[in-house]
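A.B. asks: My request is simple: use the sequences and hints to build the entire structure.
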Amino acid sequence: MKFKTFAAFVGPSVFMMLLFIAAPLISVFIQSFQITQPVMQQIEVETCTPGFLTQTCTTEVKTVPIIDEVTGKTQTTTAWVGFQSYQNVLQMDKFWEAIGSGQWRDILQIDFWKALRFTLMFTLVTLPLVIGVGLMIALAVNNAAKSLRGPVIFVSLLPFIITPVIGSLSIYWLFVGDGILTATLERWTGQDIAMFAQAWTIELLMYFYRVWHVAPFAFVIFYAGLQTVNMDTLESAIIDGASRFERLRYVIVPHLMPLIIFIALIHLMDCYRVFDEIIGFRSQAHVISLQWLTFDFLTPDDAGNRAISRAAASAMLTMVGIVVLLILPLRRTWRDHKGGAH
Amino acid sequence: MSKATAQPLSLKIASGTFLAFWCLIAAFPIVWIAVMSVKSPRDAFAASAWDVITGPATRAAGNGLSLLDIVIGLVVLYFAIRWAFTRLPGLVQQYSPSGFIVLGWLVGAAVYGLIFVLIFFGVLPYVSGALNSIAGPLGTPILGLTTEHYVAVWGENQFYRNFMNSMIVTAGVVTVSLTVGTLAGYGLARSGSDLAFWLLIVALVFRALPHSVLVAGYLPWFINSAEILRPILGDLSPTLYGQPWAIIAVLVAINQPFTIWMLRSFFQNIPAELDEAARVDGCSHFQAFRRVIMPVMWPGVITTGLFSFLLGYNDFLVTALLLDAQNQTMVPAIAGYFNRETTTTDQVEAVAAAVSITAPLFLLVMVFQRQIVSGLTAGAVKG
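So the sequence lines, in the order shown, correspond to chains B and X. Count along the first sequence from 1, then add 269; that gives the number in our numbering. Count along the second sequence from 1, then add 88; that gives the number in our numbering.
Think of the hints as simulated: they come from the structure by calculation, not from any bench. Warning: the hint list may mix true and false statements.
[What the hints assert, rightly or not] Covered by chain B, according to a simulated footprint, are these stretches of chain X (three or more residues, beta-carbon under 8 Å):
1. 301–310
2. 414–423
3. 454–463
We put the CB at the ideal spot given by N, CA and C, even for glycine.
C.D. replies: Dropping the structure here:
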């Protein structure tokens, strides 16, 4: 295919990605070093209250934003502030203070480090669970009678296809103060249980939700992979006296290895973006993630201001994280590509 | 299956039990919110599961189904579903003009849904009400059921506006991203150049980007776009913030990396000899694409379209930040319930809204299960 034709085919897509993905990235990068504030001026205001004989007048100096006469909006200035926004997000002084005094736990009081801790832990805890549960379901379905497989796949797809916010809400409602599962647990244990009052129970529910949501995806892929297992290899393994577990360990899992890597890669990308659970479980007081942190900076506060530069700084930091996570898989792909070309 | 691979009974039982357990876990939260949404608040948050299912308080308030209602309902449901699978495809084939079969299906499904809702919720209650009064013990309510929360959500809270916005955004995302993505996917599949490889790698990195990073980039521009664009467009320059079509463009772009990867793997499955033959016969690349590839590409396109649909429909982050309250889609709108979720009635209304959002997805899985599965595996097997 000639370059011109190729460009014509790919052009619209590349244009959209440049305009709406690459350009915003550059914009975020620049914003994270800038800060935009309303221009303030100090004016003397004389306020008089009626009094006996004479009015009582006081003058005071007030700081008010300058209003542009043409547009009627507040004037703003944009200044380069270097790494100040990053400093505001990272709060390194508090970080080093906490390390210096040996109070490691204080680090997790800072929003960014709290979010980073949760995001990484969330990714690492759910990854093996998703792969394990997905593989188990795939093996069990492969074992089941043919007529059962269709309905089972249908039911399994439901958690995967459901809107993430709604999915986490549906689990939230089961465990909320007077939800059915909390009531049942309380009856069994005889104690009061409040699942959403402390961080660790919320985190457990989030792990559960994510595994529930993603395991079907792993299952479907593993199930497709199981259909292509080489029967001859399996039979020779039986003749060699391999037990059921050894066959799984030495024949089936190696066969599924590329799929496991694929799922791990996708899961890594998606888990790093963990966000909807925070909304669904309303856990912002206890557990937050990196993406939620940026979302929170971007949401207008009570005065209607958005912390754009801090959002940009936290977005850039989030991006650094995903690049670090992706370097290894990408290098592998590059080597494969080079290897394939020769 | 040979004797050596035959499984001992204990293993069979274990695997069967595990599967049943998984199905229970997979379906339970979704089924449960559906049950909760049709009960009065006291029943919905009752401590005993049996009370939630049978709904004594709902029944006491005069809302309930009798045995007769249930039987009639199930019979109508059975025939409705059967008809949808046996007769509907034929009618759609017959009445849709050739080449517009997809459009025909959309219209057919919409009409079918409308008629179903009319019969099931419009006609059936009167019929069964009349029958109940003469049926005696069979006609007394045994199962509490009320639709008041749905009426409140869709009527008073005007959820249909959010529904319309969701539909506009989703339809836009699916159409545009498929049009753009199909061309790109085909180009990438048929070009073995290094440039194509690099494009795919960059797309992979873009796919990994958290969406909040991108939104942080859009927001200042979108809010001030009227002033920024004024020198170019004059007074027509729009404020992009809050515009559904701006959201469509954003979601299409976010979705592009995934779409081109997936469509590329589908196009690689179409033998290159097919379009080469067309080229030998004197077609240009575009003609070959239009005349030879387009007729055979629909399975892949439909599958990719499903995933685009899911992205547009399920999105919370982008729509919550870039749309204002009037143009809100369904998923962010439900967050509005959190703020006023003070009484149990509000909670159950939120549950009803959540079920309303899930219902179309449920239908989607029912109709397109095969395509979803093939889409999931296509990406994986090709890498």
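A.B. asks: Would you mind marking each hint as holding or not holding in the structure?
C.D. replies: Hints versus structure:
no. : hint    : in the structure
1   : 301–310 : holds (count 9)
2   : 414–423 : holds (count 3)
3   : 454–463 : holds (count 4)
The structure fails none of the hints (numbered hints given earlier).
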